[in-house]
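Participant: Residues per chain, in single letters:
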Amino acid sequence: MNSQILRLVLGRVGVTLITLVIVSFVVFAATEMLPGDVAEIMLGQAATPEAVAGLREAMHLNDPAILRFLRWMLGLLTGDLGTSYANNMRVADLIGGRLVNTLWLAAATAIIAVPVALFLGITTAMYRGSLYDRTINVLIVGVISVPEFLIATLAVLVFAVWLRWLPALSLVADIDSLTGLLRAYAMPVITLAVVISAQMIRMTRAAVIETLRAPYVEMALLKGASRRRMVLRHALPNAIGPIVNAVALSLSYLLGGVIIVETIFNYPGIAKLMVDAVSTRDLPLIQSCAMIFCVGYLVLITLADVVAIMSNPRLRH
Amino acid sequence: MVHVAPAPRSRSRFGYRLNAVGIGTMLVILFWAIIAVFGPLITPYPPGEIVDFNYFMPMSSQFWLGTDYLGRDILSRIIVGARYTVGISLVAVCIACFVGVTLGMLAAVTGGWFDSVLSRLMDALISIPSKLFGLVVVAGIGSSIPVLILTLAVIYAPGAFRFARALAVNVNTMDFVTVARARGERNAYLMRQEILPNILGPVLADFGLRFVFIVLLLSGLSFLGLGVQPPNADWGSLVRENIGGLSFGAPAVLMPSIAIATLTISVNLLIDNLPVKIRDRSE
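Residue numbers (the numbering used here), protein chains in the order written: chain S, 444 to 760; chain H, 4 to 286.
For reference, chain S alone in the conformation it holds in the complex (with noise of 0.2 angstroms):
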């Protein structure tokens, strides 16, 4: 690797650590601007003045907005989260378990999403224009355009409502076998499956048609390569660094998916652990959950930057 390449990747880092901080900074705003002062909704309506006074000076609340900022960071960095003020347990606590159950859930789907996508994505290029093709674009917009909510609809409806093969809800708590587990997770998967596979098959495709553009690829044709050959042998290897891209910033999109499926699927995971918080209005929950998910956010489309970045030959001599 030479020190262009470096400079350039460790810029991208640079810019995603400035990010990480505004980002912070505007999630602690936006919690903070709640109505109402926390300290009188913590002790109810029955709380004498001087308890409150006491209770915002125990919590910090009189201290400056800045000051509490900063507190609140050194907490996330140091893994201190704080404790939920909807029922005083550590907020590290609860959201442990749930974490675990929503990185299954986002793994499952990667691993099912993820080659299917390819496979569509690279086949549609190959056989571009054809009847396969515009049958799978007519379908990826069709995705893209609908809200995720009816996708899980339309899968409880066909898989729970008609076919009766699965269960409406993903009940994770009482999984005995091998079937139960795949019983529960499988409309979650399906669904965000579906949601990420059309990004992602989408991308590749265009990746792939780009770099079909080339000129040593008019060069394979003239020479008398198969259109097979062509995409497989001369297009796909230089189509690599755009197609990785593509696959970290669809899976990018199962945040905003995993939010909506496991609402309506009633699983168990920070998602659904997140948006409970917010009809509770309990803060530190919120953000917590709120920064582990820029954080994993932040994460992939810097991944997707960074692969762009190396994979690109002009920078690498």
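Derived from the structure by calculation, the hints contain no laboratory data. Do not take every clue at face value.
Said to hold, decoys possible - Which chain H residues stay away from chain S? Per the calculated CB distances, all over 10 angstroms, these:
1) Ile-37
2) Trp-116
3) Pro-149
Stated by the list, open to error - Here are the simulated distance ranges between beta carbons:
4) Gly-27(H) with Arg-607(S): 32 to 40 angstroms
5) Leu-513(S) with Ile-144(H): 33 to 41 angstroms
6) Thr-491(S) with Ser-119(H): 34 to 42 angstroms
7) Ala-36(H) with Glu-493(S): 28 to 36 angstroms
8) Met-29(H) with Val-604(S): 31 to 39 angstroms
9) Asn-190(H) with Pro-558(S): 50 to 58 angstroms
10) Val-120(H) with Arg-450(S): 17 to 25 angstroms
11) Tyr-570(S) with Gly-27(H): 23 to 31 angstroms
Treat the numbers as computed from the prediction; the structure is a model and nothing was measured. Every residue gets a Cβ at the ideal spot worked out from N, C-alpha and C, and that includes glycine.
Since the structure of chain S is provided, determine the placement of chain H on it from the hints.
Facilitator: Below, chain H alone, put in the same frame as chain S:
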């Protein structure tokens, strides 16, 4: 000697010609626009009134799209919901694109540190996942229609900025801009008279795409219970209200989703089928 080619006969009065898909999707969009404007005048039943004691009824000649979880007429609620979904999204996308495009052109024309700082800031804002941003802001401030509109506009303005800036930077290097600048024209003139007309086509296409994103995000937020609040309901809230009917396949769940889908798919297809002349005017 100058030959003036006669305009091809196939061109319509506006100089552009849409294909069949373009015309079809335009009709769907027009249909929802009319519904959004005249909605309350054409509902078969008052949207908030319980008209049947059976809830989650299937489609029938009396209630065309069935009834909801309280026994209200779903068709009427979808017709009135169009106002919220289309109205809020349209206002939000107008604010987002106006602010984004104006700042984008300004950054391109001004250049220097103003451009660098603004671009970095917008890049940072783009990297915040949209649904999460909406969730956090609405959790913090509470959900009302002005808050929703502003939140949606703030989320999608940076994208409009980046798109318009990239186009404007290209136009900015062209001779006619240099000439105008040498003439001593001000930035406002350069933006309005020299740059905007040359990026308008792609910017309008981007406007349409952004409208779709906003409709989807608004529906998603409403579905989570953070968007339009009861007793009012946009299409996303209608899905949320009736989600209990999903396990017996009530049309009350599916129909509002289908309403969203017809609108967003139409806008997407319309943009895909716009004449190349409008989409790629800058090239």
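Participant: Now tell me, hint by hint, if it's right for this structure.
Facilitator: Hints versus structure:
| no. | hint | in the structure |
| --- | --- | --- |
| 1 | Ile-37 | holds (21 angstroms) |
| 2 | Trp-116 | holds (16 angstroms) |
| 3 | Pro-149 | holds (14 angstroms) |
| 4 | Gly-27(H) with Arg-607(S): 32 to 40 angstroms | holds (37 angstroms) |
| 5 | Leu-513(S) with Ile-144(H): 33 to 41 angstroms | violated (23 angstroms) |
| 6 | Thr-491(S) with Ser-119(H): 34 to 42 angstroms | violated (54 angstroms) |
| 7 | Ala-36(H) with Glu-493(S): 28 to 36 angstroms | violated (59 angstroms) |
| 8 | Met-29(H) with Val-604(S): 31 to 39 angstroms | holds (35 angstroms) |
| 9 | Asn-190(H) with Pro-558(S): 50 to 58 angstroms | holds (51 angstroms) |
| 10 | Val-120(H) with Arg-450(S): 17 to 25 angstroms | holds (21 angstroms) |
| 11 | Tyr-570(S) with Gly-27(H): 23 to 31 angstroms | holds (27 angstroms) |
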